[in-house]
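2 protein chains.
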Amino acid sequence: MSRSISKLVLLGTGLISGSFALALKRARLVSEVVGVGRNPANLARAIELRVIDVASHDAAEAVKDADLVFLGTPVGQMSELMMQIAPHLSPTCIVTDGGSTKQDVCALYRQCLPNQLAYCVPGHPIAGSDLSGASAATYGLYEGRRTVLTPLAETSAEALAMVRALWQACGATVYEMDAKTHDGVFAAVSHVPHLVSFAYMNAVLGKDNSGQCLDFAGTGFRDFTRIAGSHPEMWRDITLANREAILSDLRANVAQLQGLISLIETGQSAELTEYINQASQARSSWGKKR
Amino acid sequence: MSRSISKLVLLGTGLISGSFALALKRARLVSEVVGVGRNPANLARAIELRVIDVASHDAAEAVKDADLVFLGTPVGQMSELMMQIAPHLSPTCIVTDGGSTKQDVCALYRQCLPNQLAYCVPGHPIAGSDLSGASAATYGLYEGRRTVLTPLAETSAEALAMVRALWQACGATVYEMDAKTHDGVFAAVSHVPHLVSFAYMNAVLGKDNSGQCLDFAGTGFRDFTRIAGSHPEMWRDITLANREAILSDLRANVAQLQGLISLIETGQSAELTEYINQASQARSSWGKKR
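Sequence lines, in order, name chains U and D. Quick note: the first sequence uses my numbering, first residue 1, plus one each step. Quick note: the second sequence uses my numbering, first residue 1, plus one each step.
Among the clues, some could well be false.
No distinction is drawn between identical chains; accordingly, a pair holds when it is met within one copy or between any pair of copies.
DSS-like mimics (lysine-lysine), calculated; alpha carbons at most 30 Å apart, straight line [what the hints assert, rightly or not]:
{"id": "1", "residue 1": "K25", "residue 2": "K289"}
{"id": "2", "residue 1": "K207", "residue 2": "K180"}
{"id": "3", "residue 1": "K207", "residue 2": "K25"}
{"id": "4", "residue 1": "K64", "residue 2": "K180"}
{"id": "5", "residue 1": "K180", "residue 2": "K289"}
{"id": "6", "residue 1": "K25", "residue 2": "K180"}
{"id": "7", "residue 1": "K64", "residue 2": "K25"}
{"id": "8", "residue 1": "K289", "residue 2": "K64"}
{"id": "9", "residue 1": "K289", "residue 2": "K207"}
{"id": "10", "residue 1": "K64", "residue 2": "K288"}
{"id": "11", "residue 1": "K288", "residue 2": "K180"}
{"id": "12", "residue 1": "K207", "residue 2": "K64"}
{"id": "13", "residue 1": "K25", "residue 2": "K288"}
{"id": "14", "residue 1": "K288", "residue 2": "K207"}
What the hints contain is simulated information worked out from the structure, not anything from laboratory work.
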């Protein structure tokens, strides 16, 4: 297999898939990009911006003769798409995705594409934006960012190397880990912070004087709650998809808060200082590494 | 009383008190600024930068003939300073402060300056910086910011009007509320977010693969945990000073997390969406107001 793609099909034409296509076009690694989607205006815009060359609403038709299929939809839509395309994939067509949870996506590959598993390469590019849709796609979205691949036991070395090389051509550093490890890591540093931030906002809203409180909220509040403004359906899906890892970390957060409450109740000044110091030191050294 | 100050004394010469002095100098509302502090290098720098005109290490001596005394130290140092200056204040000298908790500071005024209460004006300028010390003081720190005054029952209308006018001259909008309301508001939107952020960092540090997790932490984590890097002793003091309001809100946060855990455990998709939606809407509309 050469490292260039004759036909790349995006199932879901948005920020993540569109930026992948743009970066590969710039690297001259792809000849034709077909964008599939349900929103005609978004597809028209994607053509206008040269994110894609051809638009389609028919995934099954679009994937014929494709070298690479990129699933760029929310995870909740992937199962149906995989089942639609399964009978139409060429035997060596690589299928990859940009889903932000991986155990569930790996299970979908097994369930919906059992004959294609050697060419299935589950992935998660760690990049995003407050914007979405094809018009938000940019050439440089993945420059200096990370992409995690979580290959299946069946994934061939050849397919894995191909997808790895494509992400590197997009400017990303590629990491490999198993799907369970991936989901644990992203529960800890992404999913649970979102949920704790949602819960904190709802706690403020539950106060009698919540309006007055919000009037005096400053920059600390602003940054701490920025992620609480995230998209409800997307975060519901992520939360339910990665339920076990998230529940484990949420319970650990409750235990931390209960321990902290007990330090404050009993006025343990030295222990409280040490508690805060541990968090502060860790955050500062993380910040310095970035 | 005229609206200009012949002699302003800063007890503690740092970012908050120094920026107050600079703004009043620029507004030509103060003639002489005396800075008191324990760090000679900081005081020398304050003179060099014209934040203060005279440096002193003796609070009792410095406050003689002062029109206005500004307590700019951590709250933990205020009691000793108030007791030192009490016998030396002129009967109409106004005493104010920049402490970020107010019920405890109000109690200190009552305890240490019982004969000065008509001239005591507890205050809290809502401004800060990652920097500290006199060299961080700036003319514009309070421009467009808020200052909350929490007058005592004994505080005279005259003293309150004077301090209000000075903060307005610094560019701040001035609000009045009672000290208990103040402490409840700032527990909700400042103190508790810090503590939840510390607890979250410590929960991550408690994971077997915490290093790997932190390697993959991105911009959401960065903003959510920014305040976890805050100063341990300062936040221990604030936490213990505002214990009751903080405990009440921390318990409300635990209850929120437990409710959220139960929604996830039972897979209540619609309720989970609504839970996230409520937080997301509230955060978005707060963001739009700013």
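Evaluation of the provided hints:
For a Cα distance limit of 30 Å, the shortest separation of K25 from K289 qualifies neither inside one copy, at 32 Å, nor across copies, at 41 Å. With identical chains, the CA atoms of K207 and K180 are at most 30 Å apart between copies only, with a shortest distance of 15 Å across copies and 38 Å within one. In this homomeric assembly, K207 and K25 never come within 30 Å of each other (Cα to Cα): the closest approach is 52 Å inside a single copy and 41 Å across copies. Proximity of K64 and K180 under a CA criterion of 30 Å is satisfied in neither setting, with 32 Å inside one chain copy and 69 Å between copies.
In this assembly of identical chains, the alpha carbons of K180 and K289 lie at most 30 Å apart only when taken from the same copy (26 Å versus 41 Å across copies). Proximity of K25 to K180 under the C-alpha cut-off of 30 Å is found in neither arrangement, the shortest distances being 32 Å within a copy and 61 Å between copies. When the C-alpha separation of K64 and K25 is checked against a cutoff of 30 Å, the pair qualifies only within one copy, where the shortest distance is 20 Å, while the shortest distance between copies is 75 Å. Neither within a single protomer nor between protomers do K289 and K64 lie at most 30 Å apart by alpha-carbon distance, with minima of 46 Å and 50 Å respectively.
Proximity of K289 to K207 under the C-alpha cut-off of 30 Å is restricted to the inter-copy arrangement: shortest distance 20 Å between copies versus 38 Å within a copy. Neither within a single protomer nor between protomers do K64 and K288 lie at most 30 Å apart by alpha-carbon distance, with minima of 48 Å and 46 Å respectively. In this homomeric assembly, K288 and K180 come within 30 Å of each other (Cα to Cα) only inside a single copy, at 29 Å, whereas the closest approach across copies is 38 Å. Proximity of K207 to K64 under the C-alpha cut-off of 30 Å is found in neither arrangement, the shortest distances being 57 Å within a copy and 45 Å between copies.
Taking the shortest Cα distances, K25 and K288 never come within 30 Å of each other, neither inside one copy (35 Å) nor across copies (37 Å). Taking the closest pair of Cα atoms, K288 and K207 come within 30 Å of each other only across two copies (21 Å); inside a single copy the shortest separation is 37 Å, beyond that limit.
Figure legend: structure checked against the earlier numbered hints; hints not met, in rising order: 1, 3, 4, 6, 8, 10, 12 and 13.
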